[in-house]
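Guided by the hints, dock chain B onto chain Z, whose structure is given.
Spelled out, the chains give:
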Amino acid sequence: MTSTTPTCPTCDATVPMPAGVVAHELITCPDCGTELEVLSLSPFTLDLAPEVEEDWGE
Amino acid sequence: MMRVGLLITHVRPEEKLLLAEFAACGVTPDVILDRDLAFDLTAGPEQLAPSGHPWTAYDVILERCVSTSRGTYALAILNAWGIRTVNNYQTATTCGDKLLTTLALARAGIAQPRAMAAFTEETSVQAIEEIGYPAVLKPVTGSWGRLLARVNDRDAAESVLEHRFTLGDWTQHTVYAQEFVEKTGGRDIRAFVIGGQTVCAIYRTSPHWITNTAKGGVASNCPVTSELNDLCVRAAHAVGGGVLALDVFESEHGLSVNEVNHTMEFRNSSAPTGVNIAGAVVSYVMSVGQDGGRHEWPPYTVDTVEVVL
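Protein sequences appear in the order of chains Z and B.
The first sequence runs 5 to 62 under our numbering.
The second sequence runs 2 to 310 under our numbering.
Hints are computed from structural coordinates only; laboratory data are not their basis.
Just to be clear, a hint being listed does not mean it is correct.
Label pairs and their calculated CB-CB ranges [as the list claims (entries may be wrong)]: (1) S44/Z to T57/B: 23 to 29 Å; (2) D170/B to M21/Z: 22 to 28 Å; (3) E163/B to M21/Z: 47 to 53 Å; (4) S44/Z to T124/B: 51 to 57 Å; (5) E58/Z to F40/B: 20 to 26 Å; (6) N222/B to T32/Z: 27 to 33 Å; (7) S70/B to P34/Z: 32 to 38 Å; (8) Q127/B to S44/Z: 52 to 58 Å; (9) M3/B to C15/Z: 42 to 48 Å.
Not close to chain Z: a few residues of chain B, all C-beta gaps over 10 Å, as computed [as the list claims (entries may be wrong)]: (10) C26; (11) I78; (12) L100; (13) A109; (14) E122; (15) Y134; (16) V219; (17) P224; (18) E266; (19) D292.
From the derived model, a few chain B residues whose C-beta atoms are all more than 10 Å from chain Z [to be verified]: (20) R36; (21) A44; (22) L149; (23) T206; (24) I211; (25) G217.
Backbone N, C-alpha and C fix where the C-beta goes; we use that ideal spot for every residue, glycine too.
Chain Z on its own, in the form it takes in the complex (with noise of 0.2 Å):
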């Protein structure tokens, strides 16, 4: 998960950094439409976003 082409955690397929996108923001994968969020960019890092919660809303 530290490398500069970070795999899916669910799917393992590479995901390519979005143009425009920043830190913890959440993106999907191109390939298994898993939600991922946006660790860092530099090095572009990934994870699985967290899980809606039941006080999730605005």
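Frame of chain Z; chain B shown alone:
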């Protein structure tokens, strides 16, 4: 240079827009993740935030947590320490609870659907039938249209209540029942109040009785009339003010406030309205950071103080 903290759970499209607007103002907020927070409640605000700066170094903290519990408690702590926040704890705790929101609106004489609260299955059925069918059951806390139930008759009411009292945790055992309002044209209004004025509004149109855009409601521009602005500003004032999104019903009886949201999402609202909502939020946050935003609410006289519950 003003020091701003942006307290988040993660970055939604709204936070990305806010960061861009801060950058346009020459401000780079410290992004503080709620997962990283650990407060010493017995110490003071000189302790370090996860950013490495003492909390006292911040002119203002913008709370944008998706997690209501984390955001609300963080605001409680920061406000207890005298740290300026948007929104403040009073606003967050009122808007985070539909029962408390209803009470605050009632106290200020704001038009709203009739609502009742009860704590047992038996008294909840009585409360629902006092309102009349159809009625809407809502969790007192919650968002995005989750776990709303429109009950059309006694069978449905008893069934929903039995499920809530059997399967739900204690938060589901406070029953909040609201009069169902038939939406004119299958739409309701979401109005954005920032710094004491209604900056824009959208219609949310859906064939479903739940019109949240999170549930597929379609957004279009809603003109801000003086009637809508007056209602929304009064309602925002009633819950403590700040940056708010109000859900408003239209009916043959006029406008009424359904809910007030204090960490609003607006990703679908700037395009149809043409209003830079993120920019308005940032301007307001900067004003709070500079002078506490105390100019935001002009003196306001509430015409009616009758409590309707």
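The hints, checked one at a time:
Take S44/Z and T57/B: their Cβ atoms lie about 28 Å apart, and the range 23 to 29 Å holds. Checking the proposed 22 to 28 Å range against D170/B and M21/Z shows it is violated: the Cβ atoms sit about 40 Å from each other. The hint said 47 to 53 Å for the Cβ distance between E163/B and M21/Z, and at roughly 50 Å that hint holds. Checked against the given bound of 51 to 57 Å, the beta carbons of S44/Z and T124/B, roughly 53 Å apart, stay inside it.
Distance hint check for E58/Z and F40/B: the Cβ-Cβ separation is about 22 Å, which falls inside the suggested range of 20 to 26 Å. In this structure the supplied range 27 to 33 Å holds for N222/B paired with T32/Z, their Cβ-Cβ distance being about 29 Å. At about 33 Å, the beta-carbon gap between S70/B and P34/Z stays in the expected band of 32 to 38 Å. For the pair Q127/B and S44/Z, the beta carbons lie near 55 Å from each other, so the given range of 52 to 58 Å is met.
Checking the proposed 42 to 48 Å range against M3/B and C15/Z shows it holds: the Cβ atoms sit about 44 Å from each other. With a least beta-carbon separation of about 17 Å from chain Z, C26/B lies farther than 10 Å from that chain, consistent with its non-interface assignment. No Cβ of chain Z comes within 10 Å of the Cβ of I78/B; the nearest lies about 17 Å off, and the non-interface call holds. No beta-carbon of chain Z comes within 10 Å of the beta-carbon of L100/B; the shortest separation is about 16 Å.
Every CB of chain Z lies more than 10 Å from the CB of A109/B, the least distance being 22 Å, so the non-interface label holds. Against chain Z, the non-interface label of E122/B holds: every CB pair exceeds 10 Å, the least being about 22 Å. Distance check on Y134/B: its Cβ is at least 27 Å (rounded) from any Cβ of chain Z, clearing the 10 Å threshold; non-interface status holds. Non-interface status of V219/B relative to chain Z is upheld: no Cβ of that chain comes within 10 Å, the nearest being about 18 Å off.
The claim that P224/B is not at the interface with chain Z holds, since no C-beta of that chain comes within 10 Å of its own (minimum 23 Å). Not every CB of chain Z lies more than 10 Å from the CB of E266/B, the least distance being 5 Å, so the non-interface label is violated. Even its closest Cβ contact with chain Z, about 27 Å, leaves D292/B beyond 10 Å, as expected for a residue assigned away from the interface. A Cβ of chain Z approaches the Cβ of R36/B within 10 Å, the least distance being about 8 Å, so the stated non-interface status is violated.
Once the 10 Å rule is applied to beta carbons, A44/B is consistent with being away from chain Z; the minimum gap is 26 Å. Against chain Z, the non-interface label of L149/B holds: every CB pair exceeds 10 Å, the least being about 12 Å. Against chain Z, the non-interface label of T206/B holds: every CB pair exceeds 10 Å, the least being about 19 Å. Against the 10 Å criterion, I211/B stays outside the reach of chain Z, whose nearest CB is about 14 Å from its own CB.
For G217/B, the requirement that its beta carbon stay farther than 10 Å from each beta carbon of chain Z is met, with the minimum near 16 Å.
Hint violations for this structure: numbers 2, 18, 20, all remaining hints satisfied.
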